[in-house]
Structures are given as structure tokens and as C-alpha cells.
Amino acid sequence: METICFDLGSVEQIPLGQGHWFLIGGQDVAVFRGRNGRLFAIEDRCPHRAGSLADGIMGEGKIVCPLHGHKFDLTTGQGSEDCECVKTFPVEEKDGKIVLSYPFPTTEAEKNVGATDFQR
Amino acid sequence: MKKKIVVIGNGMAGARIVQEILSRDSDLFEFVMFGAEPYGNYNRILLSNVLNQTQEASDIFINPLSWFEENKIKLYAGCKVVKIDTERKVVLAHSLPPNASAYAVHDEQLFTGEPFEESYDHVIIATGSRPFVPPMEGFDGEGTFLFRTIDDCHRIAEYAKSCRRAVVIGGGLLGLEAARGLMTHNVEVTVIEAAGQLMPAQLDIASGQMLMRNMETLGITVLTDHKTAQIHREGGKVHSLVFTDGATIPTDMVIVSAGIRPITEVAHHSGLTVNKGILCNDQMRTSDPSIYALGECVEHRGKLYGLVEPIWQQAFVLADVLTGFKPNAVYEGSKTGTKLKVMGVDLMSLGEKEPGLPGDEVIVYREPNKGVYKKLIVRDNKLYGAILLGDADAANVLLQMFFNDQQVPENRSDLLFGEIKRSAFIQAVDLPDHAQICKCNGVNKKTIVDAIDGGAQTVAAVGGKTKAGKGCGSCRNLIAQIIEAKLGKVSYDPSEHYYVPGIPLEKSQLVAMIRAKSLKSVSAVFTELTEGKEDPDSKPGLASLLKILWPKEYEDERDARFINDRVHANIQKDGTFSVIPRIYGGVTSAKELLRIARAAVKYSVKMVKLTGGQRIDLLGVKKNDLPKAWKDLGMTSGHAYSKSFRTCKSCVGTDFCRYGIGDSIALAQKIERRFQGIESPHKLKLATAGCPRNCSEAYVKDIGAVAIEGDQWEIYVGGAAGGNVRKGDLLCTVNTHEEVLRYTGRFMEYYREHAKYTERSYGFVERIKIDVLHGILVKDSLGICAQLDERIQKAVDSYKDPWLEGEVPAYPAQFEGPQLAQVLKETENNS
Ligand SMILES: Cc1cc2nc3c(=O)[nH]c(=O)nc-3n(C[C@H](O)[C@H](O)[C@H](O)COP(=O)(O)OP(=O)(O)OC[C@H]3O[C@@H](n4cnc5c(N)ncnc54)[C@H](O)[C@@H]3O)c2cc1C
Ligand code: SF4
Ligand code: FES
Numbered sequence: 001m002e003t004i005c006f007d008l009g010s011v012e013q014i015p016l017g018q019g020h021w022f023l024i025g026g027q028d029v030a031v032f033r034g035r036n037g038r039l040f041a042i043e044d045r046c047p048h049r050a051g052s053l054a055d056g057i058m059g060e061g062k063i064v065c066p067l068h069g070h071k072f073d074l075t076t077g078q079g080s081e082d083c084e085c086v087k088t089f090p091v092e093e094k095d096g097k098i099v100l101s102y103p104f105p106t107t108e109a110e111k112n113v114g115a116t117d118f119q120r
Numbered sequence: 001m002k003k004k005i006v007v008i009g010n011g012m013a014g015a016r017i018v019q020e021i022l023s024r025d026s027d028l029f030e031f032v033m034f035g036a037e038p039y040g041n042y043n044r045i046l047l048s049n050v051l052n053q054t055q056e057a058s059d060i061f062i063n064p065l066s067w068f069e070e071n072k073i074k075l076y077a078g079c080k081v082v083k084i085d086t087e088r089k090v091v092l093a094h095s096l097p098p099n100a101s102a103y104a105v106h107d108e109q110l111f112t113g114e115p116f117e118e119s120y121d122h123v124i125i126a127t128g129s130r131p132f133v134p135p136m137e138g139f140d141g142e143g144t145f146l147f148r149t150i151d152d153c154h155r156i157a158e159y160a161k162s163c164r165r166a167v168v169i170g171g172g173l174l175g176l177e178a179a180r181g182l183m184t185h186n187v188e189v190t191v192i193e194a195a196g197q198l199m200p201a202q203l204d205i206a207s208g209q210m211l212m213r214n215m216e217t218l219g220i221t222v223l224t225d226h227k228t229a230q231i232h233r234e235g236g237k238v239h240s241l242v243f244t245d246g247a248t249i250p251t252d253m254v255i256v257s258a259g260i261r262p263i264t265e266v267a268h269h270s271g272l273t274v275n276k277g278i279l280c281n282d283q284m285r286t287s288d289p290s291i292y293a294l295g296e297c298v299e300h301r302g303k304l305y306g307l308v309e310p311i312w313q314q315a316f317v318l319a320d321v322l323t324g325f326k327p328n329a330v331y332e333g334s335k336t337g338t339k340l341k342v343m344g345v346d347l348m349s350l351g352e353k354e355p356g357l358p359g360d361e362v363i364v365y366r367e368p369n370k371g372v373y374k375k376l377i378v379r380d381n382k383l384y385g386a387i388l389l390g391d392a393d394a395a396n397v398l399l400q401m402f403f404n405d406q407q408v409p410e411n412r413s414d415l416l417f418g419e420i421k422r423s424a425f426i427q428a429v430d431l432p433d434h435a436q437i438c439k440c441n442g443v444n445k446k447t448i449v450d451a452i453d454g455g456a457q458t459v460a461a462v463g464g465k466t467k468a469g470k471g472c473g474s475c476r477n478l479i480a481q482i483i484e485a486k487l488g489k490v491s492y493d494p495s496e497h498y499y500v501p502g503i504p505l506e507k508s509q510l511v512a513m514i515r516a517k518s519l520k521s522v523s524a525v526f527t528e529l530t531e532g533k534e535d536p537d538s539k540p541g542l543a544s545l546l547k548i549l550w551p552k553e554y555e556d557e558r559d560a561r562f563i564n565d566r567v568h569a570n571i572q573k574d575g576t577f578s579v580i581p582r583i584y585g586g587v588t589s590a591k592e593l594l595r596i597a598r599a600a601v602k603y604s605v606k607m608v609k610l611t612g613g614q615r616i617d618l619l620g621v622k623k624n625d626l627p628k629a630w631k632d633l634g635m636t637s638g639h640a641y642s643k644s645f646r647t648c649k650s651c652v653g654t655d656f657c658r659y660g661i662g663d664s665i666a667l668a669q670k671i672e673r674r675f676q677g678i679e680s681p682h683k684l685k686l687a688t689a690g691c692p693r694n695c696s697e698a699y700v701k702d703i704g705a706v707a708i709e710g711d712q713w714e715i716y717v718g719g720a721a722g723g724n725v726r727k728g729d730l731l732c733t734v735n736t737h738e739e740v741l742r743y744t745g746r747f748m749e750y751y752r753e754h755a756k757y758t759e760r761s762y763g764f765v766e767r768i769k770i771d772v773l774h775g776i777l778v779k780d781s782l783g784i785c786a787q788l789d790e791r792i793q794k795a796v797d798s799y800k801d802p803w804l805e806g807e808v809p810a811y812p813a814q815f816e817g818p819q820l821a822q823v824l825k826e827t828e829n830n831s
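Residue numbers (the numbering used here), protein chains in the order written: chain A, 1 to 120; chain B, 1 to 831.
If a hint is listed, it holds; no wrong ones were tucked in.
Subject to a maximum C-alpha distance of 20 Å in a straight line, what follows is the list of computed SDA-like cross-link-like pairs (lysine to any residue):
no., chain 1, residue 1, chain 2, residue 2
1, B, Lys622, A, Asp28
2, B, Lys533, A, Thr76
3, A, Lys97, B, Gln819
Hints listed in this document are in silico derivations from the structure and should not be mistaken for laboratory results.
Quantities reported herein were computed from a predicted structural model and do not represent experimental measurements.
Hey, can you work out the whole structure from these sequences and the hints?
In C-alpha cells form, the structure reads like this:
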């Protein structure tokens, strides 16, 4: 596994309490900024019907999918439905910038784990 | 071998007795049923709903034909029994020719061929009654009707289509129901009553006369003290009525509903003792020991009944006797009380209408201007009689007390006014198991409790299992009480009443808190009321409420909004958005259409669709294209994405339509311009119609204005035509467009302030009740109209087209699509 750090630009571009959709090496990632300033990053694709979680409403460390209201824990990725969960990524603020670490699979086996097509 | 029961008559009583027997022992008897009507059995008392078009005929069946099969009941539908041969113990019957009336007195010539036979061990006669036609000339044939069966309903409705005027002879319960039913068929209705008042059997003179005025405000003409001598025809068609004093009135059709007479021919021909009805003893046995009778055809202890309640009691006793459950069960006669189901008039009468003994207490309350009359007669501290007119809130309580022989409370006035619904002495829990809760379908308390034990938790679920609450619906409060009482011990969920799930307060409490603490943003509400816990599901509801409470000072935090309200477009399942520009009153222009077409091409819109709200929907616009698309359209937002005022449909109205009597287009445009973008607990869809033909479906809108003769507009509120379909209730009738705007705004503001989040107006109107709304919003009974008007004006003034944010976004990334990330630095990490 190879982890690459990305600079996603100023934290200010995400309004407090909202999310934003980034494309990272061809993958969709949603980054959220809590009202207290805390950052979260998760895969931007609802396992239910592929809703964009970046457009959801957040609160209490959870995000609500805008399409059918399934909920996901922003820290663990666990969904409100037992069998649903999303990937989470480490993200932090450095000098007013959002810095996110994204793990890219390197071996064949890693590539096949949880492979999904990221089409929307 | 099983004993064989032959039931004659497949009506309310016939069906009931079979059900009662089956519920005691389903293996004891073999059943054969004869019904003169060519159907399975249906709930006759709901025929009024079929005639007034609130229910389909198919909705009122009690048992479909499959029920008969499942229970191995042999049903001869459309067959008439002519005689019981008590010597040979067989029943003789003929098939009725198609279109023959089920209840007419048939002469032998009607039947060709030999009758067929069914042997029996027991016979139960449940032949009911037939309408009584007072002596008059010319009743029969085309244009004259009776009101007793489904076929009658269909015939009346069909014939009314070609009529302008109808007359109902008979001002009793059924006559009035027939009259109101006819009104829905767009005919002018006159009710003729021979006595000096309406409903002489149930009402005293004062209330009978007051009811007459109530009926007149519904648009029904009432003539009392009139006896009909003749139905006059011209060219074969009904033309007018001639009264005994020589006066006449014009009419195109006549319905006679002047009382009923028991059907006793079968009993008579079979040698049973018949007086006015078929004579029965306390076990419902006739003069022949193998033959029983029940229902309207029966005379018991000198009394005949014309309501269903006594039938349920008779069936209960007879089933006990026949199955041997309680061979000596005794029917002691019934008390009768009834609620009139005529739409728009609340009425209940029970027991006697006048005091009988010198010691009887009479308590009367009247408010003639409101058409309210309440009267109680108390004997020995129990109800002896009661009449409620104009306000029947207390009806359920009174009926339960009366039927269950309960003591009335010390403070008599408590009984007459609504609050006793909640007071302690008439709790559904205290009622005995056999207390009849649903009178329409004869469901007792025990059955309902069993259903709750079996898992039913809502009124609807109880109805699903037991049919309770599915008739006129007036018992639903009681059912709710029983559920509440039962499940209260197990699991009562107060959160149902919270305005939003994350804050344990009802709307009124929450509003009071917000006002008291002057909370103007969603985060401030969380900080003050939940110690900062931000429940995501509560955010949009709070945002909507705050905007309503503080139209101008509200601190708009966009993260509390649902995505649709962040970007002013409706999210689709593929993450793209739909764009619906406002088209005021559904009137567009060629130029606008060109711009719409160009935008659709430019932004590769996936579908262009005409909506139900008379607008054009561009589906499949990407988020980052929204501002450009709006700019190219050069139109304002249609708010098709938010919980707010949506659109006002209109019909072509006076300008072009040959029926138009009011300018519906201009009104719709004024409404849209005034109320565009007004937030509300749920969406508000409006319409205006140029006449009662209602081409724009104004009757089923949240608010609808319908032009009527005399340059007036009727304002309906609480209509629905989505998953629920409901005709709106008439709030008031006004003269000008400006008044329509005023009452529309007033209703909207009241709804905005008092409805639960996501409660549509139909639920709201049903919950608050139209007469209460009328009082508050039209009569200004709370003195708040001026404030409501002022507050809605503030909201109107604070309107800004949200699509302007396309030019100057509220925050930088508002309409941005995905952002490409820059690699910061690379680190090797083996994990
Ligand atoms: C429009 C309307 C509204 C009403 N509203 C109310 C109300 O709100 N509350 C209330 O309590 N009551 C109401 N009633 C009265 C109630 O419907 C009757 O009390 C009840 O239907 C009587 O039941 P029954 O079985 O005795 O007679 P029915 O229901 O009339 O059944 C008798 C059946 O027997 C059939 N029959 C007759 N003779 C023969 C024969 N020889 N062979 C075979 N079949 C035969 C008839 O065709 C009929 O189908 C209403 C009645 C009507 C018409
Ligand atoms: S509702 Fe009346 S006025 Fe309007 S189009 Fe229909 S018929 Fe014409
Ligand atoms: S797509 Fe997310 S809940 Fe359905």
C-alpha cells in the first residue's frame, strides 16, 4: 500500500458544517468541516444507491445521505444499515490547508479488495 | 351430520348473524344464504357516502364472494325466497330477473317456472325493510327513485347527470343524507317534509328548525309543512311537484325517503305471526320454533328498529342461543342513538327528545348565530335523552354513557362541552368489554383490545384487523384512546409529538423557547437546548421554523439546509438537478419558451417535461451549470425543490372559457407573485378555478379558490391529491381577488406557525378542524388576524429570488463541482 498526501487547498473553501467533493487520483472523496472546525474525509459514494455524501447534512459526527437518508459515521465509516459502510481517510489542517492521506493499493490483491466502480 | 341453517336476506343482519355464529363455532352448521340483491353483502349505512361520492361502491363491501366460499356458505345472490314450507321443512325461492328491484312487492307473475327448494333445520329471516312511499299520484317509472340499495345509488347518480333540479320527499335522517349526496352531483336540491320541522323522529322543534337553517347554508332548500299530492309529468318526464294545497315547484327528479316498512311477506305466507313486524321473543324466535328472525323486519316487545346497533345486539343473543353458548341468552331491547353523517352538519341524537316525567332534568344551551344547540335530559342521574347540533364533539362520550348506562357527572355543563373528551370519567379503559366502539361495523372493545394485543399499534392497524373506524370514522378518537391506554403501559413514544426528533419539545413549546431566548440560528438553538448536540435530522426543520419566526433577522446557516435548498434545485437520483423556472399562473410566452429551449440544448438537459403544476421541468442539469442555466433562462425560481409555496395552477377562466365566471388566471398570477418562495412546514400547492367545474383541480389543492355565481370566490383549504386524496374544506366565501389574497395569506401564516414540520395542509386541517379554523381566521375568535396578516406581509416583503445567488454565491463553493486535488508530498508506507 502506498499512501500519498494531497493538498486540497484552503479550509475556508468549505463552509462550517458542510462538505465538499474532491477528485483524488480519479476517486471521489468527500471532505467535511464540522462547525467546531474538525475535518473528516470519507469516500464520496453512498453504498446504497451511489448518492454524493458531500451534499448531505452533517451533525453529531454523522453524515446523512441526501438521496434516501442513510447515515454514516464520519470517523468509522459505519452506516446506519448494518451491511453498509464507507471508507474513511486521514485528514488534517496544516497552515490553513486541508491535507489528506490517500492509500493507493500497490499489489494485485490490494487492488481487488472492496473494488468498486466509481462511476456516478 | 351438521345442522343446516338457511338465512333469508343477505343484508346487515343476515351477514352479521352468520359471522357471530362462525366466531363461536365454525364447524357446527352448514349455511345457505338467500339475498335478493345480486351481490355479496355490503355496509348499507355507507351508501350515503357512495351517493355523495366520498366512497366507491366497491369500498363498502363487508364480505366479498370469496368469503362465502372460504366459509363454505352457499349463497344464492339475486334470488328471492317466496315461502317457507314448515311442514316439509324446505324454503322455496325464485331467481329474480335482471334489473328487478330487490325489495319491491312482487306478484307471482314475475316468476316463471317452479320455485327451487332448500331444506333446513333452522331458518333465520333477515329480510330488512323497504322504503315507504306516502300516498301520492305519479310515483313510479322514470325520474322517480327510492334510496335503499347500491343499485338505487347508481340509478340516482346516473339520472342526476341529466337533471338540474331534484326533490327529496322526506326530511328525516335518510332524506337529508340523500339530499346532501345529490348536491355533489351538481343539482339544486329541495327537501320536502310534511311535519313542521326536519327529523321529527329525533329532534325537538327548536333543534329541528335550527337544522333547517344549517341545511339551507349548505345550499339545500327546505320546505316543511308540505304534503305532496302529485308528481306531474310532461312529455313523459318528471316536470313538477303538486302539493295538497295546490302549490307547485319545478323538478326533474324525485327521491322518496319517507320512512321504512318491514318486509314481512315471507313470514306471512309461511304462517308465522306478524303484527307490524315479524313477532319475536327474547331469543329472537318467531311463532315457529325452528324459525328465527332479526333486523329491521322484526317486532320485539312492541318495538321496531331502524338502525344497526340493535341488530348487532340481536345477532349476539341469537348466536349464543343457536350455538348453545348461552341457550337462555336474552335480548331485552335496545336504546337508540345516532350521529348524522351529512357532511358539514354535526348532529347527534339519542334516547328521547322530550322529558317524560316531572322529575326529569332538562339542560339546554343554544347559540343561534352559530347554529349550535345542545340539550340533555337526565333522569335518575343517567342520560335519558340528548341532542347535539352544530357541535357534536361530545357525541362519542354521550353515546358511550348512554349505551353503557353510566352515571353522568355532577357538573352537567361538562357533558355539553368538548373538554370532557379528555377528562377522567369517560375513559375508554373503563368501558366494559362488550361496549360497542365502532357503531358502523359493530366492533366491540374486546375485539379492539385483542387486535392491539395482536400487534396493532395505530388506529389504521386496528382498522385493518377489525374494520373498526372504517365506517363514518367518528369512533377513531376512542380507538386511539384504547391504544394509548393499552400501549401506554408497554411502550409510549412521546417523541411522536416532537417538532424535530433531536429536541424533546412540541412545536408550541419549542416556539416559546426560541422566542423567549431570542434564538436566531440553528446552531444557537442547539447550543441552548441540546448542549451543542447537533442532530442532523433536526436541522432542516429548525431552519424552516426559524425563517418563519424571524423572517428578516434569521441568521441563515446553510449547513442546516437540505442540498436542494442550498443550491435551489431538486436533486435527482444520479446527482444532477432539475430546474423549474416560475411560470406565473401557468401562462408563458413564445419568447420564454425559446429561452427555455435554448437552455435545454446548451446544458444537455436529459429530459424536458411538463409538470402537473403547469410548468416546465428541465431534468439533468449539473450542479456547476445551475447559475449559468438560470442566467440564460432569465426567469425566477419556481421553488419546486423546497418546503414552501410552490405554484398556483389556473384554468383559462373568463377570458376564453364559455363557462368562466371569475378571472382565474389573473388571480393565480397575483397569488404567485405575492406568495412565491414563502417557506412552510411542507409544500403548498394552490389553484384557482373559474367556475365549479374545477378544471384546475382547485378543490384538491392545499388552498384553492373557486369562482361561483354572484361574483364570488370560495376558498377551500386542506385539499390533497397525492398519496392521500381529500377534497378541501370551505374556509369562506369572498367577493374580490384582494380578499382571496388576504385569507390565503392568513391561512398560510397560521399553517406556518402551527403545523408540525412535514405535516401537509390536509393533515393540519383535519387535526385543527375547519370550523375552528373558520372561527380563528374568518371570525377572528382569537383576535389574532391582524397579527397574522402583518407577519405574512413581513415574510412576503423579505422575499428574494434565490436564483440571484447564481450571480453572487452565498459562499464560494456553493455551486462548485468536484475539485481536483494536488499531490503534496509522497511518503512510502508499507502497511
Ligand atoms: C342510505 C342509508 C343510510 C343508513 N345510515 C344508517 C346509519 O348511519 N346508522 C344506522 O344505524 N343505520 C343506518 N341505516 C339503516 C341500516 O342500514 C339498517 O338498519 C340495516 O341495514 C338493517 O339491516 P337488515 O339486515 O335488517 O336489512 P337490510 O340491510 O335491508 O338487509 C335485508 C336484505 O334482505 C333482502 N331480502 C328481502 N327480502 C328477501 C327475500 N324474500 N329473499 C331474499 N332476500 C330478501 C333485501 O334485498 C336486503 O338485501 C341506513 C340505511 C340506509 C338505506
Ligand atoms: S373551471 Fe370553469 S371557468 Fe375554468 S376552464 Fe373549467 S369550465 Fe372554464
Ligand atoms: S443513495 Fe444514499 S441513502 Fe440511498
